[in-house]
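Chemist: Here is how the chains run, residue by residue.
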Amino acid sequence: MNLHVSSRDIGERTLDIVSEMKSLEGPLLPILHEIQAEFGYVPQEAVPVIARELNLSRAEVHGVVSFYHDYRDHPAGRHVLKLCRAEACQAMGGDALAERVKSLLGIDFHQTTLDGAVTLEPVYCLGLCSTAPAAMLDGEVHGRLDADAVRDLVAEVRA
Amino acid sequence: MPLVSEIDFGTPASRSEKMVTLTIDGNEITVPEGTSIMRASMEAGIQVPKLCATDMVDAFGSCRLCLVEIEGRNGTPASCTTPVAPGITVHTQTSRLKDIRKGVMELYISDHPLDCLTCAANGDCELQDMAGAVGLRDVRYGYEGDNHVKARNNGDINAKWMPKDESNPYFTYDPSKCIVCSRCVRACEEVQGTFALTIEGRGFGSRVSPGMHENFLESECVSCGACVQACPTATLTEKSVIAIGQPEHSVVTTCAYCGVGCSFKAEMRGEELVRMVPWKDGQANRGHSCVKGRFAYGYSTHKERILNPMIREKITDPWREVSWEEALAHTASEFRRIQYQYGRESIGGITSSRCTNEETYLVQKLIRSGFGNNNVDTCARVCHSPTGYGLGATFGTSAGTQNFDSVEQTDVVIIIGANPTDGHPVFASRLKKRLRQGAKLIVIDPRRTDIVSSPHIKASHHLPLRPGTNVAVVTSLAHVIVTEGLYDEKFIRERCDWSEFEDWAAFVSEEHHSPEAVGKLSGVPAEEIRGAARLFATGGNGSIYYGLGVTEHSQGSTTVIAIANLAMVTGNIGRPGVGVNPLRGQNNVQGACDMGSFPHELPGYRHVSDDATRDIFEKLWGVKISNEPGLRIPNMLDAAVDGSFKGIYIQGEDILQSDPDTKHVQAGLAAMECVVVQDLFLNETANYAHVFLPGSTFLEKDGTFTNAERRINRVRKVMTPRNGYADWEVTQKLAQAMGLDWNYSHPSQIMDEIAATTPSFAMVSYDYLEKMGSVQWPCNEKAPLGSPIMHIDGFVRGKGKFIRTEYVATDEKTGPRFPLLLTTGRILSQYNVGAQTRRTDNVVWHEEDRLEIHPHDAELRGVRDGDWVKLQSRSGDTTLRALITDRVATGVVYTTFHHPTTQANVITTDFSDWATNCPEYKVTAVQISPSNGPSQWQIDYDEQARHSRRIAGKMEAAE
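From first to last, the protein sequence lines stand for chains A and B.
First residue of the first sequence: 561, per my numbering; consecutive thereafter.
First residue of the second sequence: 136, per my numbering; consecutive thereafter.
If you are wondering where the hints come from, they were derived from the structure by calculation, not from laboratory data.
Where hints are given, some of them may not hold.
Claimed, not checked - Each computed DSS-like pair below joins lysine-lysine, with the alpha-carbon atoms no more than 27 angstroms apart:
id : chain 1 : residue 1 : chain 2 : residue 2
1  : B       : 374       : B       : 285
2  : B       : 948       : B       : 934
3  : B       : 917       : B       : 936
4  : B       : 153       : B       : 415
5  : A       : 582       : B       : 568
6  : B       : 934       : B       : 917
7  : B       : 1005      : B       : 798
8  : B       : 153       : B       : 568
9  : A       : 582       : B       : 593
10 : B       : 295       : A       : 662
11 : B       : 593       : B       : 655
12 : A       : 582       : B       : 575
Stated by the list, open to error - Facing chain A, a subset of chain B residues (Cβ under 7 angstroms, in silico):
id : residue
13 : 331
14 : 332
15 : 333
16 : 336
17 : 346
Ideal Cβ placement from N, Cα and C applies to all residues, glycine included.
Chain B on its own, in the form it takes in the complex (with noise of 0.2 angstroms):
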């Protein structure tokens, strides 16, 4: 198995249709008006010898190896910024041209070490590959003189010569190997969009500089890696590559992070990954990455992972390493037991957004007919169940209608509580790229995010609400569209339902949802709300992106239905720059619902109680299948503490960290008799568990994973399982020995029956996958290849669906106890309860959680950046450090939930939403005041969670 190899074409693809005939080196070749001849030449197979090309960044044409000639021109172009011309002749290999690359090499290697031999670029650098192709044979200038390469000149200290820095975790700088081509400064621009990176000085003074001559840690620097990417020697190279040494094979794979779902190549050694490179293919991401997909995969290796099953009799006993079998075993007996002695309705299971789809699949398979109920729910019950269902009501399907190269033909963007740099920084990155070639931004958000304003990014409006005023906003929205006939009616007649748009018109023309009006009640300027609206109706290709910010409120299914009134009403569904894109939290949410892991579900959205479809599965599966939904996770813990729920079996999520009100799953969890949790690491649920199932990383795993944008994305095993099986195979050895009759021997089997239940992924197989690289679902007879875009020539269920979204202020309001309004987040380091991104080095740049303040709130509370803070609301009290700062607005504060220490849901409390039960989040009332450390209930949970850690036989961990 070799490398992946990918062609690097030099510069970017042009997008022209015309296209232009030319000849390089005898050959004639066609390709789009505005390729450049560097491009062309790759294309039909001559090389041209380059340094400061490649084709993620446009051409610079400042290393000038790539010069060629062209007949009836003077000179020696270079070829990287010479476009084709109609019937040209280029010569790539003369003798003029010959003797000036070797001339321009000379120079390069007269100011650069020789250790080739001891470098880690060894055998993946392109200026040695450039010195063997120009056929460098000495250097004239000798190694004396003014350089960048030696400590020291002639015993006197040179001042040119600059240390490595390695003050990155993940990556060193070593000045003195840099050629100066500035692709790792125009990577970070024109890629990643955070201009960290500069030249410094000028001529032979020119160095890279982080920041102003920082070290990159220190500098604006969000290690997304680009750079590393972009460097053609040995300046910029992983940590990993220079311990380990170059990879002998890769395997593309997809990241097991966010909803963006980026398609990496694993380049491996043996069973050792070297390091993940973003593959170019990838249609998430077009060979992009973020500081996690590319650096954060540690935690598979990290020594807190558990690798041997383990059970105990009480959450009390330590626990007890057991082999696989007696593991299963007990798990298969106790659930028979507690169903024996409280009835077939007392177990259930939650299957994991992190796993596979076929994993996902099957754990809702042992409970549908091992089980013999529909007590399974997932994660997206905390997160996305709103977008199911507002998207549901009103088009007809519950995903998102674009996928992610749609950001490159918008005009308008509306980003809706997300904060896509720190939660889905691909796409940002995608999308500030789009930014800065003029399209516009609305940001509707309580805190001032850095999509708002960044360098050369600066949102056209931010409109800030008050935290749980998202419904009354986009409403007033819609008020300013229609009552200034904004609207598009050409649209709206032939998609939509002419009747229930004029009676939704009437309800949004109400004067109670005016700017002037909802401006009162949501603290945002009645004119910022006007000028958003008539920039969004009137901007071109409007995008609407939201995120967790507008599902996890009372309203958050409201709010889904106002976004998709908002789209539908200007028209933006069905065509490529337009759409409803919720921006996915984890990697297989998308998946995971697909799945049928919702108790009302079947595998494709298709509702219990629906004979056909139970038909279908009942046949295949050889049961009986409940027509009943079953419990969703906050009724199963109500059930627990009502003592008729006693069994629960939960693969990869942690419930205690991330669902509401902890105190209120700590006791659903202690009241039930066999809680079995499957994962990675001993996490917070597990100190209520009574058998751990040793979970295995996305790296030793067959399978696949659906991102934000519907794209079924192949997940492929690059290593043994270290806990010896992957996660289906447990899965399926549970049912086995709880006497179902399992058989499937690869993924691709799982995938196979999933095709052939649900019309959505009729054509989905390995072996099309393998030939397509990846498809969006649907994936059909009507649709083979799949569907980026969704509603193109009218909406899944049929007429486009307007309906009213009236305004209902969330229960939890602030008052003299609780006056401010307290709201969460995550940062770009971190992922989630950070189980995963906790045990990597990122901690660097996040190693606690902080509650942002702004300044009049903290002086009015006598409180100082860094302090300990006491966070109380109605529900809990904990406390953490404040970081002032006046993103936030006063009135509101904000913080992240990464560091089980923090414990931010003791705080949130038991309000959902009323369609789906997804948790508000997003809401809570509190109050703040000095502290002088951890709360007592932060100590006793720690407490108990140490005591709950001990393994018989194997010393605690040391703190």
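Isolated chain A, as found in the complex (with noise of 0.2 angstroms):
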């Protein structure tokens, strides 16, 4: 179920985070933490907001959000699932590896399946490279996968 959250509850709700959060040193990478805690991604809603407070332009909070991969600009699906595209597990059959990811989800790198159930993205490196080819599913990390673990693994987000 998705629940429709309103442009004004966003606005107040991001209002509420940052005048707890504004006084920290460097307030802007915790306080966008929290709202992608509190929504599951940053909604666009919440940059005006944010840079009123914080005495800085929306371009400026738009352009930190955009620079991190991990601050989403829509929400994910129930688990995300990052597959390790670096060299060390690109060598180790990784190319192999994220095909076969795909066409068992049926989705490409940053999309989420039909049933919201999980979202692909690529990462560059997660520093396992004594163990690629590597992946992390929802923060916990697997190592020296396999066909039959990556299996695995997609029976697990889809259950």
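Make one complex out of these two single chains by using the hints.
Modeler: In structure tokens form, the structure reads like this:
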């Protein structure tokens, strides 16, 4: 079920978060994290509110939000599967693995399955080069993946 | 005549006094410590290839083209971010550097369109220049694959491609040509201080984004054009350049909008103006501009501009186009007839703060020597006349004490009754830069203006006082400083009269000036007043900038005196970073005042009753000058209504729209027999005129403007006057028609006459200005280089004079019928009565005047955002649409006055400053009620105006 959050609510809840955190040193990133935790993404409507409260321009906040891949501009699926696409993982068969995951899920990178179960994303190095190819599912890392292991991962998120 | 060339040194100059010597490509060069190697090379005449560096913004080091090798150091550092060091040896061209640069350029070009021949930047493209400089001959990567250039890749939609953004009326943004050098982003941040641009995304996906991926018009962009100027490619390009092509010659001239007086290069192709580019050597603006100066010049070719002289018998007749000879002969004979019939004092004239010093001088000369009276006044009457009075009384000279560069050294700034981000944008950008460096700000204004809070700017104290209580609040600041012992005793004892200080100190120490007492009547919390006073007195170099929110009050002169007292008591006069600075409204309002435009003053602020001064002019002009002051504008109108004043020559001012109490102005003009208006357009005043003499624009004449910092800047003719004559020629021809023997062949001769008669201009001549660029008066034997800062060793009048400033509430009071206070102001994109800016594309930002009202007051009256409301005062009523905002406090409403249909001055009263008659525009008690549309008065006025603008033989302008 998708719960609709109105723009007005986003503005008010954003204002609460910003008011609570604006006294931090370098408050923008922690505020964005908190907003993403609250809404599951960083809503466009939140940006002007953050900008006004922190005495920044909308452009500056937008520049930061768009720089970091982890800040989403729309909600993700219930699970997020990140496949490492960096050099070591590619060398260990990461390309084939990525194709297999895509076909199992029926989606491409940056997409979410129709049932909203899972969002697939590329990531550039999880720091697990010694156990390549690697992936991260909902913050938990998995190494030495092969065809069977990814089938299990997909089955888990689809359940 | 070639383009005026400006060297781009790549990085800003260093201010260090310590010098460093190094060797670059075998040349020994000595530069200030902290200079970049790039800049030092350029000073030695060696241009290191560069793309992301330009000297208007700090070095960034992203393009990797300006690499150099330094003997004994590893690698190839970027010359823009590497400072010079003593004794180093730098090589700017080695085989290693050549390879790297070529490789970098290959990558740039592999994601850039190859349409150079049809590109708008062709001939003015740094990317093209650098490709040439590094010897790029082929691109090994090809043009296939990922790119931002093509809308479609092999038939598929290219998601990386973005269409051109043409939303801004003056420039386009073409993302496909962007090399992501960030120059535009940095110019917006560092030069303009708006922070409207960013780089969105990362890596190959990086693109310039206005706001949150908005288009330029909807973003936070204020259209100052700094980004367009900074862009090295065609990504950001003036639409005029796209339409016309590159300019072939340029001339340095001075902007004709506000009192900042920015220097521009008018870049021309033949007699067609291609674009205005702010001049980096301009000492007021240092290479920056605002939307008006850079872009809003289209009025000069607007279809409504009148190019032929016209006359009519009655104001109900249509206009009849006539020859210049007929118009001038008719005017001269009418003026002579009126004087014969009603007496010498029955005619007068108004000089313009929009025209040059030379033109203003001629108009007052015509009145004093040709009309034989002192009935001359100027629009400064309605803006900064209290500045003249107040600063004259306390310091001894009626002008600002500083240059604009002074703001770079200030530590605490007080802004009173001024809205610099809208009214004086280029000064505001310079101020904001200093504030971002850590200077503190105190704003005294009923409204929460942008300078109170905007990206990276936050006032330490905002004192949102009730309109009309300036004197009480400023005196209260002095109360805190005196009673808490924060005054600068040494300065006061040395520079001011100690006994006058003691008297004044006793006065301000009285309990009714305490913040607690003043807080009650002004609505400002006492703690804010105390905090602001303590900060100003103890925060280092303190400067005060003020505008019409100070002067246009019944106690305008008193507030100016209170400001001067505040500067003296804290010792903030006579050095860089301090001072009292009136932000002048019009480009040449300072000059118009200097040139003897007031009925009681000859040029140089010398009273007409002074025999010695009169003698100078009488000998030169060969006439007798009256020693009695003439009529001020309001007196002329009163006399007209009484029937004793019958003719007026108005050059470049629209008194019907800009002067208070419109109905009284109407009545005065209607009672005259010969109203002569010299202007670009049939303005509102011209509805009551009998003779219309077409005026010329600042692009069409030579002359000088004097800006708010007393800087005399040259205005240079770049095109033939479309109306046939420059304004000074028209005045001269009128004088000749009236029998005066005038034979000026160039404005330089008029300046020579001014210099010969006016001590503070003694050394000014066109040759000298050519040599110096510009000078700030006084410029004479004592100060041959001019005077950037005044009162350095002592006040002009001798001892600084402290004067008591008793607060007297204005007679304009709120009551049950009129419970709200109306105050007025302006907006960035429009200029004053809007005669010019309304005839440019600037209307996209502000197409009508809106009434700002607090949500609480709006709700009480059932007014919603955008509703038509009737605005009613004791003088009259008008209607406009409401804008609900908490920028204004409850009990206060605010509007701009840029559009004639609004006629905000129907509402304003005829109360005025006690000393100078400057009208009290800033306080009017009003009531607001919902309305359906324009009032009957507005409909009648519009009908009369349309009727009055008919020209015989021409179709009426379609609505």
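Chemist: Does each hint hold? Answer for all of them.
Modeler: Hints and how they fare:
The straight-line distance between the Cα atoms of residue 374 of chain B and residue 285 of chain B is roughly 22 angstroms, inside the 27 angstroms bound, and the hint therefore holds. Between residue 948 of chain B and residue 934 of chain B the alpha-carbon distance is near 38 angstroms, which puts this suggested pair outside the 27 angstroms criterion. Under the criterion of a C-alpha separation no larger than 27 angstroms, the hint pairing residue 917 of chain B with residue 936 of chain B is consistent with the structure, at around 24 angstroms. Using a Cα cut-off of 27 angstroms, the hinted pair residue 153 of chain B and residue 415 of chain B holds, with the two alpha carbons roughly 25 angstroms apart.
Annotation: proposed proximity of residue 582 of chain A to residue 568 of chain B holds, straight-line Cα distance about 24 angstroms (limit 27 angstroms). With a CA separation close to 19 angstroms, the supplied pair residue 934 of chain B and residue 917 of chain B stays within the 27 angstroms bound. A hinted pair counts as satisfied when its Cα atoms are at most 27 angstroms apart, and residue 1005 of chain B with residue 798 of chain B qualifies at roughly 18 angstroms. Using a Cα cut-off of 27 angstroms, the hinted pair residue 153 of chain B and residue 568 of chain B holds, with the two alpha carbons roughly 25 angstroms apart.
Only pairs whose Cα atoms come within 27 angstroms are accepted, and residue 582 of chain A paired with residue 593 of chain B is accepted, the gap being roughly 15 angstroms. Using a Cα cut-off of 27 angstroms, the hinted pair residue 295 of chain B and residue 662 of chain A holds, with the two alpha carbons roughly 23 angstroms apart. Using a Cα cut-off of 27 angstroms, the hinted pair residue 593 of chain B and residue 655 of chain B holds, with the two alpha carbons roughly 25 angstroms apart. For the given pair, residue 582 of chain A sits about 21 angstroms from residue 575 of chain B by alpha-carbon distance, which is consistent with the 27 angstroms threshold.
Nearest Cβ of chain A to the Cβ of residue 331 of chain B: about 6 angstroms, under the 7 angstroms cut. The hint holds. The criterion of a C-beta within 7 angstroms of any C-beta in chain A is met by residue 332 of chain B, whose closest approach is roughly 6 angstroms, and the hint holds. Interface restraint check: residue 333 of chain B against chain A, minimum CB-CB distance 3 angstroms, threshold 7 angstroms, status holds. Among the interface hints, the one on residue 336 of chain B holds; its C-beta lies about 5 angstroms from the nearest C-beta in chain A, closer than the 7 angstroms criterion.
This hint holds: residue 346 of chain B has a C-beta 5 angstroms from the nearest C-beta of chain A, less than the 7 angstroms allowed.
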